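S.K.: Put together the whole structure using the sequences plus the hints.
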Amino acid sequence: AQSVTQLDSHVSVSEGTPVLLRCNYSSSYSPSLFWYVQHPNKGLQLLLKYTSAATLVKGINGFEAEFKKSETSFHLTKPSAHMSDAAEYFCVVSNQAGTALIFGKGTTLSVSS
Amino acid sequence: DAGVTQSPTHLIKTRGQQVTLRCSPKSGHDTVSWYQQALGQGPQFIFQYYEEEERQRGNFPDRFSGHQFPNYSSELNVNALLLGDSALYLCASSLFGWDRVDNEQFFGPGTRLTVL
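Chains as they are written, first to last, in my numbering: chain A, 1 to 113; chain B, 1 to 116.
Worth flagging that the hints you see were computed from the coordinates, not collected in a lab.
Across the chosen pairs, the derived CB separations fall in these ranges:
hint	chain 1	residue 1	chain 2	residue 2	range
1	A	Glu-71	B	Gln-18	40 to 48 Å
2	A	Pro-40	B	Glu-53	28 to 36 Å
3	B	Ala-38	A	Ala-1	15 to 23 Å
4	B	Gly-28	A	Ser-84	25 to 33 Å
Computed far set for chain A versus chain B, every beta-carbon distance over 12 Å:
hint	residue
5	Leu-7
6	Gly-16
7	Asn-24
8	Leu-56
9	Ser-80
10	Ser-113
The model shown is predicted, which means the values in this text are computed figures rather than measured ones.
Just so it is clear, CB atoms sit at the ideal spot from N, CA and C, and this is done for glycine as well.
M.R.: As C-alpha cells, this is what we get:
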C-alpha cells in the first residue's frame, strides 16, 4: 500500500531564511507526488506536482521539490521564507488507480520576523 | 469563476442524526471527490463520483453515501452520526483522469461538521 510520512510535525523558521519540509513516501509503483498548502479557513491549494517528468519540480510562490527515488523522498524547499508562508503543508501521493489522494499528517510551518 | 463551493460552512448535529453536505464543482469539471479531515490530521479519501456513479471508495462505512447530479454537483450524506464524524469535510473537483500531468484537483473551503 502507498503512504507518505512527513518527518516533522512543526517547523519554525525566521523570515528570509530557507525552508525545508521533509517527506518520505512508500509505494509499490511509480507514484505521482504532490505538495498542498492549507491556510486557515481556506481550501487546500496545490503547490507543485511530480508525475515522472523532471525530478526537480518548481511550484508556486518560489517553492520547489526534488524527487529522489533512491531515498524515496520528496522534500519541499524554499530559499527564503516569507511571513505569508505560515500555514499547514501536506505531502501527498496518488493511489495506483489515480483516483484518490493519500495525504500525510501535515507539517505546520511557522515564520517569525 | 467561483471555484469549488461547499455548503453549509458550519453545521452542528447530535448523535444519531443524519446530515447532507453539498458541493458545486469548478466550472468545466466533471469529477467530484470527498475527503474527511479530522482535527490535526491530513484529509482522508471518502469516495469519488464521475458520470453520476461512485467510481472509487476509501475505507469508510456504508453510513457515508453520496450522489452526483447531471450538472456535476454532488452531495455527501452521513447517517447515524457518531461523535467521531466531527471533522472538516472537503470536496475536490477535477476533470476525469486528474492524475494526468495537465490536470489537478481543486479543493473547496470545506464544511465543518460538529456532532454533539
